[in-house]
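Chemist: Hey, can you work out the whole structure from these sequences and the hints?
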Amino acid sequence: MRLFNTLGRRCEVFRPVNGEVVNMFTCGPSVYQKAHIGNFRTFLFEDILVRYLEYAGYAVYRGMNITDVEDKAIREAEMRRVSVRKLADRNIDEFLREMRLLGMKIPDYLPRASDCVEIAVEIIRLLLGRGVAYWHKGNVYYDPLKHPGFGKLYGLDMSKWPKKRVRFHRDTYPGIQWNRGDFILWHGQREKDPNSWNTEIGWGRPAWNIQDPSMILHSFSETLSLYCGGIDNLYRHHDYTLAILESVRPYPMARYWLHCHHLYVNGRKMSKSKGTIYYTDTLLGQGYTAKEIRFSLIYGHYRSKLDYSDEVMSSAAGMLRDFRRTVSLIRERAGRRPPPEGESARQLRRIFEERMNDDLDTKGAFDGMRRYCAGLDIDALKAGEAAGISRVLEETDGVLGVLY
RNA sequence: GGCGACGUACCCAAGUGGCAAGGGAGAGGUCUGCAAAACCUUUAUUCAGCGGUUCGAAUCCGCUCGUCGCCUCCA
45 MRLFNTLGRR CEVFRPVNGE VVNMFTCGPS VYQKAHIGNF RTFLFEDILV RYLEYAGYAV
105 YRGMNITDVE DKAIREAEMR RVSVRKLADR NIDEFLREMR LLGMKIPDYL PRASDCVEIA
165 VEIIRLLLGR GVAYWHKGNV YYDPLKHPGF GKLYGLDMSK WPKKRVRFHR DTYPGIQWNR
225 GDFILWHGQR EKDPNSWNTE IGWGRPAWNI QDPSMILHSF SETLSLYCGG IDNLYRHHDY
285 TLAILESVRP YPMARYWLHC HHLYVNGRKM SKSKGTIYYT DTLLGQGYTA KEIRFSLIYG
345 HYRSKLDYSD EVMSSAAGML RDFRRTVSLI RERAGRRPPP EGESARQLRR IFEERMNDDL
405 DTKGAFDGMR RYCAGLDIDA LKAGEAAGIS RVLEETDGVL GVLY
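Once you know that position 174 of the first sequence is 218 in our numbering, the rest is easy, because the numbers rise by one and skip nothing.
Derived from the structure by calculation, the hints contain no laboratory data.
Just to be clear, a hint being listed does not mean it is correct.
Result set (DSSO-like, lysine-lysine): computed pairs, CA atoms no more than 30 Å apart in a straight line [what the hints assert, rightly or not]:
#1 K316 - K116
#2 K349 - K313
#3 K313 - K78
#4 K78 - K407
#5 K316 - K349
#6 K196 - K207
#7 K116 - K130
#8 K78 - K116
#9 K313 - K335
#10 K335 - K349
#11 K196 - K349
#12 K181 - K149
#13 K204 - K236
#14 K190 - K207
#15 K196 - K208
#16 K208 - K190
#17 K407 - K426
#18 K149 - K130
#19 K407 - K116
#20 K349 - K116
#21 K196 - K313
#22 K181 - K236
Computed beta-carbon distance windows for the label pairs [stated by the list, open to error]:
#23 M123 - G173: 33 to 41 Å
#24 R211 - R365: 36 to 44 Å
#25 I275 - E122: 25 to 33 Å
#26 L145 - G173: 40 to 48 Å
#27 Y448 - R119: 41 to 49 Å
All residues carry an ideal CB built from backbone N, CA and C; glycine is no exception.
Modeler: Following this line, the structure appears as structure tokens:
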């Protein structure tokens, strides 16, 4: 199995860090608002990855962070006149419901940033102790120049880093694509501020970029085999996360970094202000099934942008319906005998695995299998042969999750 | 303006050096026949344009044009 590793920018054969279990961590949702189908595209890509690893015989342990405390959540909660905790609770419930609806496995470890504040504080103390981080006006900042190799994921040229101290103190940063300067780790706050914790380093809350390290540190004590997330987080967030974690642990944070590209709508990026945000509800309301929605979001390579439109959706749904019809004809033909895998079944499996092993080409896998099945003379199939094909379809659909 | 991605039929899209997958829509047909569904057939001498490399290019190189993205928040 080959995967495109953002760290190094090339396809590499996947070899997990240990032989027992593939430990992976995926960048989870910010739960200040409802997740849209673009968010779900990324989570679906990760779901396919988990399922395919399991199909290939690996045991997988997946963690996914939930960002529940940050500037945006605080603002949103104020606007809605609810507590940040309550706002997050509601959105998390809804998020998990939709994950299940779209046939996604729920990650094994689903920490909330607000539950890992103690660990964040511990990391900050370590960083302060090592001189990588420092106090400034009640906040704690991280100095990338103190960390050799900073920016290796994105490929930053650190010789262009400003010599003069520049600090970025918001959770998300204004400016050019890369903020060249020190980033915030800890927002010092007034005593008893509602979104503040009383900790060993005083009252405050952890900044966005230290949340993932704290949640990872909580339950993983070795290099992660895989780290995944949306492409947008490659530019700052993931290099920050990596630098923090590698400043406190003597081994690499993750071996393979995978980034999923974005979903567009009608050739444009989804935009709240233009009203082009689509939710699963939007599509369910148009009469599409959850399987059809899942399918339309995985039908495209994860490293390419995927364009959504009404036309694409209806055409994808039609294609899926068509294949499902073929699949049920094959199943009818099969009867109930559980046979050994025949030549045609083996060939179908080969098509699936060959495409999936090539950097998770779900679209190619689906197309290949659909074409192969469409080329079968189903009426001429022996019951045993049909049963073998049917079994492969069921097993591979344990990964794709759109047929049954 | 800086950086980046992309441009394949009416639409979506695979293909990354050796005869241009597939789907949707359209057209024609079969079966029904009030319709629908289903099935079959058909739709790019050509890959944005122009040059170059090569026995051979949609695929590699250069330029031009066009679209989109990031540099605001974002999976």
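Chemist: Indicate, hint by hint, whether the structure satisfies it.
Modeler: Each hint tested on the structure:
1. K316 - K116: holds, 15 Å
2. K349 - K313: Judged against 30 Å, a Cα distance of about 10 Å means the pair holds.
3. K313 - K78: Distance ~17 Å between K313 and K78 Cα, so the pair holds.
4. K78 - K407: holds, 27 Å
5. K316 - K349: holds, 19 Å
6. K196 - K207: holds, 19 Å
7. K116 - K130: At roughly 14 Å apart (the allowed maximum being 30 Å), K130 and K116 satisfy the hint.
8. K78 - K116: holds, 13 Å
9. K313 - K335: Given that 30 Å is the threshold and the Cα spacing comes to 24 Å, the pair holds.
10. K335 - K349: Within the cut-off at roughly 21 Å; holds.
11. K196 - K349: Given pair K196, K349 holds - Cα atoms ~24 Å apart, limit 30 Å.
12. K181 - K149: violated, 44 Å
13. K204 - K236: violated, 41 Å
14. K190 - K207: holds, 12 Å
15. K196 - K208: holds, 22 Å
16. K208 - K190: Holds, at roughly 14 Å.
17. K407 - K426: Cα-Cα ~29 Å, so holds.
18. K149 - K130: holds, 24 Å
19. K407 - K116: With Cα atoms ~35 Å apart, K407 and K116 exceed 30 Å; violated.
20. K349 - K116: Holds, because 26 Å separates the two Cα atoms, which is no more than 30 Å.
21. K196 - K313: holds, 28 Å
22. K181 - K236: holds, 18 Å
23. M123 - G173: 33 to 41 Å: Distance hint for M123, G173 holds at roughly 39 Å.
24. R211 - R365: 36 to 44 Å: violated, 55 Å
25. I275 - E122: 25 to 33 Å: holds, 30 Å
26. L145 - G173: 40 to 48 Å: holds, 46 Å
27. Y448 - R119: 41 to 49 Å: holds, 43 Å
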